[in-house]
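Visitor: Letter by letter, the chains look like this.
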Amino acid sequence: MSATTLFGLCGALLVGVGIYGLVVNPQPLRKILSFNLIGSGVFLLFGVVARRGAALGMGGDPVPQALVITGIVVAFSATALAVALLLRLHDASGTASLTTKESPEPSDT
Amino acid sequence: MNMAPLVDGSLVVLILAVAIWTIAVRDSFAAVVGYAIYGLMLALAWVRLAAIDAALTEAAIGGGLTGVLLIRAAVRLRPTESVVAGDSPAWFVKALAAVLAGAVSLALAVVVLTLPEPAPTLAPQVAEHIASTGLGNAVTAVLLAFRATDTLLEAVVLVFALIAVWSLAPDRFWGGRPGQHYHLEANGMLAYLARLLPPLGIVVAIYVFWVGADLPGGKFQAGTLLAAMWLLAIMAGLTDVPEVRLVWVRIALVTGSAVFLIIGFAGVPFAGAFLAYPEGYAKPLILIIEAASMLSIAVTLALLVLGPPERRGQS
Chain A
-16 MSATTLFGLC
-6 GALLVGVGIY
4 GLVVNPQPLR
14 KILSFNLIGS
24 GVFLLFGVVA
34 RRGAALGMGG
44 DPVPQALVIT
54 GIVVAFSATA
64 LAVALLLRLH
74 DASGTASLTT
84 KESPEPSDT
Chain B
8 MNMAPLVDGS
18 LVVLILAVAI
28 WTIAVRDSFA
38 AVVGYAIYGL
48 MLALAWVRLA
58 AIDAALTEAA
68 IGGGLTGVLL
78 IRAAVRLRPT
88 ESVVAGDSPA
98 WFVKALAAVL
108 AGAVSLALAV
118 VVLTLPEPAP
128 TLAPQVAEHI
138 ASTGLGNAVT
148 AVLLAFRATD
158 TLLEAVVLVF
168 ALIAVWSLAP
178 DRFWGGRPGQ
188 HYHLEANGML
198 AYLARLLPPL
208 GIVVAIYVFW
218 VGADLPGGKF
228 QAGTLLAAMW
238 LLAIMAGLTD
248 VPEVRLVWVR
258 IALVTGSAVF
268 LIIGFAGVPF
278 AGAFLAYPEG
288 YAKPLILIIE
298 AASMLSIAVT
308 LALLVLGPPE
318 RRGQS
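Here the protein sequences come in this chain order: A and B. Numbering-wise (the numbering used here), the first sequence opens with residue -16 and increments by one. Numbering-wise (the numbering used here), the second sequence opens with residue 8 and increments by one.
Bound-form chain B, shown alone (with noise of 0.2 Å):
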């Protein structure tokens, strides 16, 4: 009996389940917990449509990242909860919106039912050209060869975006330590994860990183996972987070894009072409770039979640 139907369905309806009732919940703090959940379940989805990659990425920012963002958020805006939600629209507001959301919905799905038969697809072309970077994942040669300049703009995003986070600093703090001082509880269960969990979690970060270039893996997916055993490390008190203001910080979030872009204009002169890799080379390029991305991606994404600086650096 074939059960991929019945878990398709199940699956579709447990994401829109989720999906609904963290918009319908009154608790924001409930909502958000949901929020990581959906992200989890979202990450099935991308599995069962054989995006392993996706997948993978939505299970560690989707779920994890942005559920730990969102939840520590949603503590601190807890006491002005129970005032805000008063704030409720008006009913023929919710109406409106209902219409829209259903007319937004409508359109999509005649979109999806009605798209192109055969579909469109690059597939043969980067099978086509694989065999030039040397790589066995063709997500990842995508990524790294084939549309290189929209991963290296990205990974300048990633870093635009904390430099806009800690603009917001009030300017007695600019250039402090980021969000709250954690205390340690030596012999708690978070303290004791939190020694437990960061060994094997570099190990799989570069595993991960590693099997990226032929296998579903990838900076990416490595450097969130270095991002959350670094968060872990602070949350449970066994590290601080550093001062923004000191140089081996700032090097370690620009180190990725910079090494992007030497290695792209140093395909100028030898290769023809911004960011083309040299015959027989463009393996080895692709992993010195990738190595120093996903360092820089989990820095940045690890300051992200902390936010913009609240404290001078001895306190």
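Next comes chain A alone, as it looks inside the complex (with noise of 0.2 Å):
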């Protein structure tokens, strides 16, 4: 098997550690970062894609590269999103669960 299908192989393996995690983990932290293992695992098939598309003397194709470059900073930036919205939920309720046992009273205004 070649490096880069062993690779790929890990990605779509990530994918699937991702998915489990998403839905097991009660913790929102915790789904957040299930997500990026997700996130990670489909960003490895890409940059196996790219690989694939060796050459004329250029590692892989340049073009899936540069998107998965796009996407890593993008990810990033939604993952900011979703922490500071996680920490807010925290703030105005005291809790961090995603469960709605009771409708506890925004203490903010």
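Hints were generated in silico from the structure; no laboratory data involved. From a predicted model like this one, the values you see are computed outputs, not experimental measurements. Please note that a few of the clues may not be correct.
Here are some, though not all, of the chain B residues that point toward chain A, as calculated from beta-carbon distances under 7 Å [to be verified]: (1) 58; (2) 60; (3) 94; (4) 156; (5) 157.
Restraint ranges, calculated between C-beta atoms of paired labels, are given here [unchecked claim]: (6) B:37 <-> A:74: 19 to 27 Å; (7) B:191 <-> A:39: 47 to 55 Å; (8) A:81 <-> B:44: 20 to 28 Å; (9) B:139 <-> A:77: 53 to 61 Å; (10) A:77 <-> B:164: 26 to 34 Å; (11) A:78 <-> B:291: 51 to 59 Å; (12) A:78 <-> B:254: 35 to 43 Å.
Quick reminder that beta carbons are idealized off the backbone N, C-alpha and C, glycines included.
Make one complex out of these two single chains by using the hints.
Guide: And the structure:
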């Protein structure tokens, strides 16, 4: 098996690991983390596609490589927004749970 | 003896082991530290896939900045940890999740094993036209010339994400300073590093930016490095975060997108299309866009890590 295929299978497994973590972990922070695992697995698959397109002295197809760089930066900004929402939920309700046992009164104006 | 298969195999095993550990470990703080390590190992995988630009970005943003962001959140959420961990789903939910995850992985694995041969590639087209940009780094040429629209929209997305984060501020803190105030420990290790590293970091960042035209590197990697240096100085207490109402903060955030747009629209009369560069001026224009974007990216990324305003200016 070529190294490229090996990393491709690694990416496929990372997506699976991320999906499992996203469903099973009750803490929202862990769900954000799992979602990032899914994302990095998808990026790695992109990297494999890029590597397979190596030609004319380039180590890989530069178009998917450039898209992955854009993707990593956008994934970071989405993660920052998700974390900010989570911390705001924590400040406003005193909990970080996603289950609604009782609706807590907002303590903040 | 060829060591490459051994290196690749061990790397894949390590990456998967850390990934599984980050979702299986009980303590969320341990999980996010694991995620930062995961980001660095993934960067090594990118090196093995001959994507050095992506490797630098993954190490700086995936490992570094995301790590800082998640660790800060994990520390603040620690008191709720034991309560929320009790919400763990029933065994059949876990079993269903495992089946779903396995099915998706299997489907993707089949796709990986049956990718078309020979692989489709745009490398020849890039090689054919790269001379017209005056750049040597094909990835930079794609980011700033061939697919410049993507990069422009991405710069705008970063600013929008920051606006969304700021909009979560409680009314009384609107326009104030993000995050807590860090107290300076004048003789502490952190203060020492925060004095020692930024000069080096800034020089390295400018170098990474400058060589990005011809070698791996560029504005994202350099901007992230600058953001990290600023965050280090802030967290050591050497400087405070500016109030987000300040005009210079707002200008710094939009300069990159604004310069990109102005040069983009100037392309309509001078080169016949939006974001087209006139013959012979491509490289200097790209460098101007990159320099402006680097500063905006640095300020935006650092403020994204610090979160919404949480205190008034004078505190």
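Visitor: The structure should be examined with respect to each hint, and the outcome stated for every one.
Guide: Cross-check of the supplied hints:
1. 58: 5 Å, holds
2. 60: 6 Å, holds
3. 94: 4 Å, holds
4. 156: 11 Å, violated
5. 157: 6 Å, holds
6. B:37 <-> A:74: 19 to 27 Å: For residue 74 of chain A against residue 37 of chain B, whose Cβ atoms are near 24 Å apart, the range 19 to 27 Å holds.
7. B:191 <-> A:39: 47 to 55 Å: 54 Å, holds
8. A:81 <-> B:44: 20 to 28 Å: 27 Å, holds
9. B:139 <-> A:77: 53 to 61 Å: For residue 139 of chain B and residue 77 of chain A the Cβ distance comes to about 59 Å; the hint holds.
10. A:77 <-> B:164: 26 to 34 Å: 32 Å, holds
11. A:78 <-> B:291: 51 to 59 Å: 54 Å, holds
12. A:78 <-> B:254: 35 to 43 Å: Once the Cβ atoms are compared, 38 Å apart, the range 35 to 43 Å for residue 254 of chain B and residue 78 of chain A holds.
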